[in-house]
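Novice: Sequences and hints are given; from them, build the entire structure.
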Amino acid sequence: MSEVLVLVDHVDGAVRKPTLELLTLARRIGDPVAVHLGAGSEAAAKTLAEYGAVKVLAADAPEFADYLVVPKVDALKAAYDAVSPSAVLVPSSSEGKEIAARLAVRIGSGIITDAVDLESGDEGPVASQSVFAAGFTTKSRVSKGTPVITVKPNSTAPEAAPAAGTVEQLSVSFGELAKGTKVVSRTPRESTGRPELTEAAIVVSGGRGVNGAENFHIIESLADSLGAAVGASRAAVDAGWYPHSNQVGQTGKTVSPQLYVATGISGAIQHRAGMQTSKTIVAINKDAEAPIFDLVDYGIVGDLFEVVPALTEEVKTRKG
Amino acid sequence: MSLRIVVCVKYVPDATGDRHFAEDLTTDRESVDGLLSELDEYAVEQALQIGEDADDAEITVLTVGPEDAKDALRKALSMGADKAVHVEDDDLHGTDALGTSAVLAKAIEKTGYDLVMCGMASTDGTMGVLPALLAERLGVPQVTLVSEVSVTDGKVNGRRDGDTATEQLEASLPAVVSVTDQSGEARYPSFKGIMAAKKKPVESLDLDDLDIEAEEVGLEGAWTKVDDATARPARTAGTIVKDEGEGGKQLAEYLAGQKFI
Ligand SMILES: Cc1cc2nc3c(=O)[nH]c(=O)nc-3n(C[C@H](O)[C@H](O)[C@H](O)COP(=O)(O)OP(=O)(O)OC[C@H]3O[C@@H](n4cnc5c(N)ncnc54)[C@H](O)[C@@H]3O)c2cc1C
Ligand SMILES: Nc1ncnc2c1ncn2[C@@H]1O[C@H](COP(=O)(O)O)[C@@H](O)[C@H]1O
Chain X
1 MSEVLVLVDH VDGAVRKPTL ELLTLARRIG DPVAVHLGAG SEAAAKTLAE YGAVKVLAAD
61 APEFADYLVV PKVDALKAAY DAVSPSAVLV PSSSEGKEIA ARLAVRIGSG IITDAVDLES
121 GDEGPVASQS VFAAGFTTKS RVSKGTPVIT VKPNSTAPEA APAAGTVEQL SVSFGELAKG
181 TKVVSRTPRE STGRPELTEA AIVVSGGRGV NGAENFHIIE SLADSLGAAV GASRAAVDAG
241 WYPHSNQVGQ TGKTVSPQLY VATGISGAIQ HRAGMQTSKT IVAINKDAEA PIFDLVDYGI
301 VGDLFEVVPA LTEEVKTRKG
Chain P
1001 MSLRIVVCVK YVPDATGDRH FAEDLTTDRE SVDGLLSELD EYAVEQALQI GEDADDAEIT
1061 VLTVGPEDAK DALRKALSMG ADKAVHVEDD DLHGTDALGT SAVLAKAIEK TGYDLVMCGM
1121 ASTDGTMGVL PALLAERLGV PQVTLVSEVS VTDGKVNGRR DGDTATEQLE ASLPAVVSVT
1181 DQSGEARYPS FKGIMAAKKK PVESLDLDDL DIEAEEVGLE GAWTKVDDAT ARPARTAGTI
1241 VKDEGEGGKQ LAEYLAGQKF I
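Here the protein sequences come in this chain order: X and P. If you're matching positions, the first sequence starts at 1 in the numbering used here and goes up one per residue. If you're matching positions, the second sequence starts at 1001 in the numbering used here and goes up one per residue.
Since the hints were made in silico from the structure, they are not lab data. Treat the numbers as computed from the prediction; the structure is a model and nothing was measured. Incorrect hints may have been included.
[Claimed, not checked] Cross-link-like lysine to aspartate or glutamate pairs, in silico, EDC-like; alpha carbons within 20 Å at most:
{"no.": "1", "chain 1": "X", "residue 1": "Lys286", "chain 2": "P", "residue 2": "Asp1243"}
{"no.": "2", "chain 1": "P", "residue 1": "Lys1192", "chain 2": "P", "residue 2": "Asp1024"}
{"no.": "3", "chain 1": "P", "residue 1": "Lys1155", "chain 2": "X", "residue 2": "Asp287"}
[What the hints assert, rightly or not] On the chain P side, residues computed to face chain X include the following (Cβ under 10 Å):
{"no.": "4", "residue": "Gly1094"}
{"no.": "5", "residue": "Asp1096"}
{"no.": "6", "residue": "Gln1142"}
For glycine and all other residues, C-beta sits at the position ideal for the given N, C-alpha and C.
Specialist: Printed below as a string of structure tokens:
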């Protein structure tokens, strides 16, 4: 079978869940070969093998952290030259999309971004995308060159399928442009201890209705009682009540959890773009006419300051 | 010497309209009004601010798009850009990201530049890849997805708020920059700005002017193909309950029934 390159998203060798999803999807179209850039390849290889990587191409160099995007493009191109894959899959993070784009130019191939599903087809892999604020689903394929496809988190359930996962060193020579953009400093985001927004099974979001940073603890308490991630509308973020990294929507994160709870959010098209594909949607809003109610499986017309704390108590009681 | 800034702006169907696909599975531009992509207004705004801080700057707004895309250029001019370039050609219909980036790169080189500014993504395609594609094609550094940007002494600095960290970036000019919607509110065109825009030059270029063959672009030349587009089935109407004091309990009951608790 042909080989499919999968670029690994990891934190010092701890492989992030979307990569396991990519490996699972890659197996539908070929044999996954993982490309691990940076420290921790030995630790990562175990996980990658468990999810089907036949090989792990590893490279580590200070350039990957010290300069933006391009060193990783050089490395992925080296892996591409070494393997001659039938497709290249990259996680749909902002960095992932930029790496994929530049690779596509270099290898003269088409690119598809933000796939939510992938299957094999007569004319190469077929990617599903969710477009126009998730109003449409399209099926596309790359018609020139080797398909380069970026895949969104939560596109499939990761399935283990043990393979060899032999680690091989990838030799990379950095091009002239590699050191073009220097990362002068990096401040890691502090962990909240809550699940990652894009990976969480449940997301509880607050909007303008929360009416102040000091009230967001109400949303957080509900989230914690459900083991959920916390999201926010752009109105709440713009008001400075919650960090931008938690924004759900067109210019924030796209989430597709099992359960999405929208509180004090009207449901503008740009917000819907980021949450419309959630399995079950629940809303609490005091305005019965709010467009969010068009989306819900269950909605409460009421004051969130009454309903949310009562719900949190009830969840806690039921969970014991 | 004057700082030459080229701002790439896209004319897009209004996201609050009922957007859909045309017969050939390209974006239907007929049924919904178009406008300057809101996310590109942020790029125009930052370009204007960088221009104001520089001794001398010339800001060109550039679009690849149909006749109506002039509206987007006009809006950017009325915000304060100096001149506009419109790449327009019937053969461009259906061009994908790779093709658009090739056309933009040629037009940018023809215009001359020290700095290329883009939005974080177009509000219709929402790919967010054009800036990286341009940097690759132009062979210059990318300072992308920044929420803060400044230019001093031939260097561009920016703050990139990533998924796992915030990074401070630095690159030498020429460079490609993309700014997020966190970079600061875009100004509204003033009445004076709107009047002045009417007299500002808009240059039209076609594929010939850019030495691009028709086969390299358009639907036929695209590197990707859309085979199918299906409207998402409307969600089945849910249960909506008015809170009479028991709303929290009722919701908990529902969630328990769905096995979330
Ligand atoms: C280019 C662009 C990109 C955008 N990207 C995003 C994005 O990524 N994410 C996003 O969210 N938005 C985005 N927006 C903004 C979007 O259009 C809306 O402005 C925003 O989603 C509104 O947020 P909201 O629902 O919290 O506020 P509002 O629309 O003001 O709604 C607040 C809701 O809270 C309800 N409420 C008030 N008080 C209470 C109470 N006590 N109890 C219960 N309910 C209450 C009200 O009835 C109302 O429905 C974008 C806009 C543009 C132009
Ligand atoms: N047709 C176009 N003409 C000019 N600029 C464009 C065009 N398409 C995209 N851009 C620029 O590239 C950015 C990212 O677009 P995209 O990769 O399509 O999401 C936009 O915010 C614009 O600045």
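Novice: Taking each numbered hint in turn, which are not upheld by the structure, reported in ascending numerical order?
Specialist: Structure breaks hints 2, 3, 4.
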